[in-house]
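Quick mapping for you: the protein sequence lines, in order, are chains A and B. Heads up: the first sequence at position 36 corresponds to 35 in numbering that gives the first Met the number 0, and the numbers run straight through without jumps. Heads up: the second sequence at position 7 corresponds to 6 in numbering that gives the first Met the number 0, and the numbers run straight through without jumps.
FYI, nobody ran anything at the bench for these hints, they're computed from the structure. Treat each hint with caution, since some may be false.
[Claimed, not checked] Reference listing, derived: stretches of chain A covered by chain B, where coverage requires no fewer than 3 residues with Cβ under 8 Å from a Cβ of chain B: (1) 24-32; (2) 85-91.
[Said to hold, decoys possible] Quick look at which bits of chain A chain B covers, simulated, 3 or more residues with Cβ under 8 Å: (3) 35-41; (4) 135-145.
In this text, a Cβ means the ideal position worked out from N, Cα and C, and glycines have one as well.
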Amino acid sequence: MGASLVLLLGSLSAHTASLQLRLQGLREQQQRRAEDRLASAGQQLLAELQRSHPCLLALPLPQWDGLGTSCAPAPAIAALRQGQALGATYRLVAWRPDLQPAELRLELAADGNQPPRQGAFTVQLAPPQPPTQPQPQITDVRLLGLRGVAP
Amino acid sequence: MSLIELLTGSVVFVSAAGSSLQLWALAGAAAVAEQRQHQRQEQAEVTLARAEATLRALAPAAGDCTTATAQLLQALAAQPLAPGLARQLEVSAGGEAVLLRLAVAGEAEPRQRLYAPAAFGRCGIPLGGGGGTP
């Protein structure tokens, strides 16, 4: 009886371990999907800034609704602050061009059983060179990873 | 120990050993499947990283993003793909970004990422700087 119990307990623990491995795989899969959505949202937002409102690249986010309105219309700023990428809603949390490299932070809205997740990006900016290039220009962007609200 | 006790004990032991073997086999098969899936996911990560590197290697195209996007699409389509992955490329509505969909065998949803040359400064630079001065 003892030997039977040991056999059963041993195999049950192996089975539990494999289930845990599967669960971890699912969690990693969800995290990768969130990274995909954040990376895409970052590209979409930065591309729009570079193409249509490069003047905002020089301003930290808190100044967009003040100084920023002199070079970009308020609806455009509102659309930059919150948007959709690949079906996911994102919100611009921070833009810090004063840092070297500049920092961009976005938050994906909670979706179903997924919690809100934040992602940080580093953005390389080429400084303005008046008169040919009066605004900073993006030269590179990297997603650093998820952080903040996400577990 | 009587014969009945011996028989009962043997039956219990054989049943436990059988169940145990089944559980070990299940756990083993699940671990092997999980490892294979993990390898495919790693390959998908490599493919996405390679796509981003391709975007970084694009030559700057000043204001025209549709040309840069077309070049990116062509470069991504030419990249090799690991077994177990299927790629689908699509140009976004405005023609200014490429959507890469990567189906990984064994996963219900494909990985998908948007690649916009303007986000890397490869295009979209307004003539004379644009956008006014804040």
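Hint by hint, here is what the structure shows:
A count of 5 residues in the stretch 24-32 of chain A with a Cβ less than 8 Å from any Cβ of chain B is obtained; the coverage claim is therefore met, three being the minimum. Here's how the stretch 85-91 of chain A fares: 1 of its residues keep a CB closer than 8 Å to some CB of chain B, so the rule of at least three is not met and the hint is violated. Note: the stretch 35-41 of chain A has 4 residues with beta-carbon separation from chain B under 8 Å; the three-residue rule is met and the coverage holds. Residue count for the stretch 135-145 of chain A with a Cβ under 8 Å from a Cβ of chain B: 5. That meets the three needed, and the coverage hint holds.
This entry does not satisfy hint 2, going by the numbered hints stated previously; all others are met.
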